[in-house]
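**Q** The chain contents come next:
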Amino acid sequence: MKIAVCVSHVPDTATKVKVGSDGKSIDPTGVTYIINPYDEFAVEEALKTKEKLGDDSEVVVISVGGDSSKETIRKALAMGADRGVLLKDDNPRDSFAVAKALSEEIKAQGCELVFCGKQSVDYDNTITGQLVAEMLGYSCIPVVVELTIDGNKIRAEREIEGGREVVETELPAVITAQKGLNEPRYASLKGIMAAKKKTIEEKPAAEAESLTEVLSMKLPPPKQPGRILGTDSSAVPELVRLLREEAKVL
Amino acid sequence: MGNKILAVLEQREGKLKRSAFEAVSTASKLAKDLSMEAEAVVVGSEVSNINDIAKYGISKVVHLKSADFENYSSTGYRDAVADYAQEVDAGYIILANTALGKDLAPRLGVKLNAGCIMDCINIDASSGEFVATRPVYAGKALIDVKPKSAKKIITIRPNVFKAAPSEEAGEANVEVREITSPNLQTRVVEFKKSEGKLDVAEADIIVSGGRGMKGPENFHLIEELADLLGGAVGASRAVVDAGWRPHSEQVGQTGKTVSPSLYIACGISGAIQHLAGMSSSKYIVAINKDKEAPIFNVADYGIAGDVFDVLPALIEEIKKVKAG
Numbered sequence: 028m029k030i031a032v033c034v035s036h037v038p039d040t041a042t043k044v045k046v047g048s049d050g051k052s053i054d055p056t057g058v059t060y061i062i063n064p065y066d067e068f069a070v071e072e073a074l075k076t077k078e079k080l081g082d083d084s085e086v087v088v089i090s091v092g093g094d095s096s097k098e099t100i101r102k103a104l105a106m107g108a109d110r111g112v113l114l115k116d117d118n119p120r121d122s123f124a125v126a127k128a129l130s131e132e133i134k135a136q137g138c139e140l141v142f143c144g145k146q147s148v149d150y151d152n153t154i155t156g157q158l159v160a161e162m163l164g165y166s167c168i169p170v171v172v173e174l175t176i177d178g179n180k181i182r183a184e185r186e187i188e189g190g191r192e193v194v195e196t197e198l199p200a201v202i203t204a205q206k207g208l209n210e211p212r213y214a215s216l217k218g219i220m221a222a223k224k225k226t227i228e229e230k231p232a233a234e235a236e237s238l239t240e241v242l243s244m245k246l247p248p249p250k251q252p253g254r255i256l257g258t259d260s261s262a263v264p265e266l267v268r269l270l271r272e273e274a275k276v277l
Numbered sequence: 035m036g037n038k039i040l041a042v043l044e045q046r047e048g049k050l051k052r053s054a055f056e057a058v059s060t061a062s063k064l065a066k067d068l069s070m071e072a073e074a075v076v077v078g079s080e081v082s083n084i085n086d087i088a089k090y091g092i093s094k095v096v097h098l099k100s101a102d103f104e105n106y107s108s109t110g111y112r113d114a115v116a117d118y119a120q121e122v123d124a125g126y127i128i129l130a131n132t133a134l135g136k137d138l139a140p141r142l143g144v145k146l147n148a149g150c151i152m153d154c155i156n157i158d159a160s161s162g163e164f165v166a167t168r169p170v171y172a173g174k175a176l177i178d179v180k181p182k183s184a185k186k187i188i189t190i191r192p193n194v195f196k197a198a199p200s201e202e203a204g205e206a207n208v209e210v211r212e213i214t215s216p217n218l219q220t221r222v223v224e225f226k227k228s229e230g231k232l233d234v235a236e237a238d239i240i241v242s243g244g245r246g247m248k249g250p251e252n253f254h255l256i257e258e259l260a261d262l263l264g265g266a267v268g269a270s271r272a273v274v275d276a277g278w279r280p281h282s283e284q285v286g287q288t289g290k291t292v293s294p295s296l297y298i299a300c301g302i303s304g305a306i307q308h309l310a311g312m313s314s315s316k317y318i319v320a321i322n323k324d325k326e327a328p329i330f331n332v333a334d335y336g337i338a339g340d341v342f343d344v345l346p347a348l349i350e351e352i353k354k355v356k357a358g
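First to last, the sequence lines map onto chains A and B. To get this note's numbering, take the position in the first sequence, counting from 1, and add 27. To get this note's numbering, take the position in the second sequence, counting from 1, and add 34.
Take every hint as true, because none was put in to throw you off.
For the chain A half of the interface with chain B, some residues (derived, Cβ under 7 Å), not all of them:
1. 40
2. 64
3. 157
4. 187
5. 189
6. 190
7. 192
8. 193
9. 206
10. 239
11. 245
12. 246
13. 256
14. 276
Chain A is nowhere near these chain B residues, computed Cβ spacing over 10 Å in every case:
15. 67
16. 68
17. 89
18. 125
19. 197
20. 245
21. 252
Derived by calculation from the structure, the hints in this document are not laboratory data. Predicted, not measured: the structure shown is a model, and the values here were computed from it. C-beta: ideal position from N, C-alpha, C; glycine also.
Let's have the full structure, built from the sequences with the hints guiding it.
**A** Now the structure itself:
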């Protein structure tokens, strides 16, 4: 089986966000970019699935973005994925246009099973996996924390408010990974060396129109620094009084 | 573009959720601003409190009904809602940004060729043009977004758009439509409820613990305070990664982004990725030994002391207050 993993190159979660000169996106100066944390769970699950199948299955890593996205593809290759495809586009796209490019490529590659992170930690849209699935006419189970694939049948547990839904469907399918699905492996030195020899095919991302447009980006209004009421339990009665009388939340 | 705004309402176990009424109020207000007409759609088997929507500003509700819809089915719900939206030529579809809303919205988006603006915390159409504000980078920044497609799908963050019931509401006009042999290609076969626990994503009060709690055995203090306040237990990434607490409780950039009325951070220093996930809470209380900890920069009220001294006293004080 051909398995696709869609990955995204995003600012590290420790990044302090500054608005860039276009007023619509972040200032990338000094920002460290990493593989989207949820995509690591996706890569791991793809590798585990391949290992379980034990046949000549192949894991293809696909990303939409600029040249720097190759670092993130390389990271997935170092973990053990077989080869990469970079769908080049230096311009921003909304989730629809990203999903369009990914789905065209997944179709061309003939992948029956697709893994994505449940959201990327930059735009937090939480929808790319579902969009890809719908564009391809595949099944989709998002936010998965437990997965069993048996032949054509898929059974997954996904996280929802107050518990887990057990969902059943069939291949072909898109699964979006939530933290807890697995423990992503570290890339070994051997893996890192091997990744240097693996191919990353580069081609222009399929043309697609964004259906939404970002008008502006701003920082949230800064919180006014609050009051330190004390240094031990003697401050508790005052705290409770303020919560009741001033904040009115109790 | 059609003249209809559809609020798609979520029910669980046959009851509309609070976030459903928030979607109703939001759709009703948007309809006024854009001179459009709002109605509600609910997919499910039996729904007990469907009449309540009239109090939130919409009188017409269409119940897309099937015994197979007792549990969620992404394919079944998608087809039912998309067919109805096509039939009435809906211009806007509003959903709550819950697990169900996040699953369903993009599926409707592809079916209807509608752009999706997810997790909105403000929508403004008072000038006749629709612009939504949503957090990005887990709330480190906000963007204003406008849809470019003829049909638009908007999901709203729970707890942000307040649903206020009006007193003089009449009866809801409920139209039931039986959906025969729905598409159950993807279906929920079981729901495993986390016993007796409120989810951080939906809670109005959250009590969170970090590494300062020293070990999983001390989280009974956090749980007791959360129970006492009718709130949920949250956790920092450090304690989730250490295996002290389940990931479902993690607040922050790789966990949940929350906006409760009250967030009590206990033994949490306030790493940037944690602050991103909770700093939009209405009131923040921080209890931490280190008075230089960044959590105090976002806290409204702080006690720069030992959690093991302060928390038991806080529990006792709140018990006292509750007892009147």
